[in-house]
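Those sequence lines, one after another, are chains C and X.
Here my numbering runs 54 ahead of the position in the first sequence, where the first position is 1.
Here my numbering runs 189 ahead of the position in the second sequence, where the first position is 1.
Don't read these hints as lab results, they were simulated from the structure.
You may find that some hints are simply not true.
Pairwise CB distance ranges, derived in the manner of DEER restraints [claimed, not checked]:
(1) Gly94(C) <-> Gly250(X): 47 to 55 angstroms
(2) Pro62(C) <-> Glu258(X): 45 to 53 angstroms
(3) Ser134(C) <-> Pro199(X): 14 to 22 angstroms
(4) Gly94(C) <-> Glu231(X): 14 to 22 angstroms
(5) Ala242(X) <-> Thr69(C): 46 to 54 angstroms
(6) Asp110(C) <-> Gly267(X): 22 to 30 angstroms
(7) Ser138(C) <-> Phe207(X): 35 to 43 angstroms
(8) Gly70(C) <-> Val271(X): 39 to 47 angstroms
(9) Arg256(X) <-> Met81(C): 25 to 33 angstroms
(10) Gly267(X) <-> Met95(C): 41 to 49 angstroms
(11) Gly94(C) <-> Phe207(X): 41 to 49 angstroms
(12) Ser192(X) <-> Thr69(C): 45 to 53 angstroms
Heads up, the beta-carbon is just placed ideally off N, CA and C, and yes, glycines get one too.
Each chain, written out:
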Amino acid sequence: NAGVTQTPKFQVLKTGQSMTLQCAQDMNHEYMSWYRQDPGMGLRLIHYSVGAGITDQGEVPNGYNVSRSTTEDFPLRLLSAAPSQTSVYFCASSYSTQGYGYTFGSGTRLTVV
Amino acid sequence: GDSVTQMEGPVTLSEEAFLTINCTYTATGYPSLFWYVQYPGEGLQLLLKATKADDKGSNKGFEATYRKETTSFHLEKGSVQVSDSAVYFCALNSNAGNMLTFGGGTRLMVKP
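Same shape as in the complex, but just chain X:
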């Protein structure tokens, strides 16, 4: 079945540091890939998405590229802020499925 693996956290960075959160997946066909962000006490918000190989999703300074050859969708940001502190979830939606499959989430903590 489909699965998503994320690097375990927490990831602790200083403000303005470079961020990478790794995400790899297993799925049949050509899934759509997503990153969601969850701020404390809130629901998940869609951060960015990519629907086909080599697509780059971007939003709020975050980027992720759909790499089919390595089955990866790593999240990056060049300069993090304290306000980016949250839990980040990688997810996929396969062509054959009616559901999102989530990774376990990665907590990011940014210190001033």
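Here chain C stands alone, though its shape is the one from the complex:
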């Protein structure tokens, strides 16, 4: 059971480049989400999805795009990378949004230069 798999683990981008962070889960979880982790700020929600075809914005959505075409996959797209997007990105999934613990991926460390 792989859980939540994120790729790549590390990435360096130049300002203005675009890229997609991949996230896949094999637990048949309906709920998936993307967080970014910055020093001293905990984790902040970027986008989330409550099922295939349904996505919504979180706390810090600007500069990011998501789609959910299958239950398993929830990619995060950076449209035009900026240095402010340098962060560690975590994908998480859960059986439900209420009362259940989330399973996190191991993260993607992104540096924008």
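Let chain C serve as the given structure and place chain X on it in line with the hints.
Only chain X this time, still in chain C's reference frame:
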């Protein structure tokens, strides 16, 4: 809106010392409360949870009690080990929300 406040770290303890990491929250209704642990270079792992007032979550010697009267969910362990060195995050999931709200994290360092 919802918010979680944790004590700032780092917290440095000797092995076998008693650990308390304070966590208080602000939320509407009756949120579910969680503690997550992050070891170096890894993602977050669920440590324990409590879903209603006076519930006690426990795992691996760690405990936390959901105190609605003080809006707190303090993490405790009676005897820490070097292997407990990590960053600990308190989080909540409110009844009305579709997200986890995290505190800023507390780094714990345990020395032999």
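Comparing the hints with the structure gives:
{"no.": "1", "hint": "Gly94(C) <-> Gly250(X): 47 to 55 angstroms", "in the structure": "violated, 28 angstroms"}
{"no.": "2", "hint": "Pro62(C) <-> Glu258(X): 45 to 53 angstroms", "in the structure": "holds, 47 angstroms"}
{"no.": "3", "hint": "Ser134(C) <-> Pro199(X): 14 to 22 angstroms", "in the structure": "violated, 36 angstroms"}
{"no.": "4", "hint": "Gly94(C) <-> Glu231(X): 14 to 22 angstroms", "in the structure": "holds, 19 angstroms"}
{"no.": "5", "hint": "Ala242(X) <-> Thr69(C): 46 to 54 angstroms", "in the structure": "holds, 49 angstroms"}
{"no.": "6", "hint": "Asp110(C) <-> Gly267(X): 22 to 30 angstroms", "in the structure": "violated, 42 angstroms"}
{"no.": "7", "hint": "Ser138(C) <-> Phe207(X): 35 to 43 angstroms", "in the structure": "holds, 40 angstroms"}
{"no.": "8", "hint": "Gly70(C) <-> Val271(X): 39 to 47 angstroms", "in the structure": "holds, 45 angstroms"}
{"no.": "9", "hint": "Arg256(X) <-> Met81(C): 25 to 33 angstroms", "in the structure": "holds, 32 angstroms"}
{"no.": "10", "hint": "Gly267(X) <-> Met95(C): 41 to 49 angstroms", "in the structure": "violated, 31 angstroms"}
{"no.": "11", "hint": "Gly94(C) <-> Phe207(X): 41 to 49 angstroms", "in the structure": "violated, 26 angstroms"}
{"no.": "12", "hint": "Ser192(X) <-> Thr69(C): 45 to 53 angstroms", "in the structure": "violated, 33 angstroms"}
Going through the hint list in order, the structure does not satisfy hints 1, 3, 6, 10, 11, 12.
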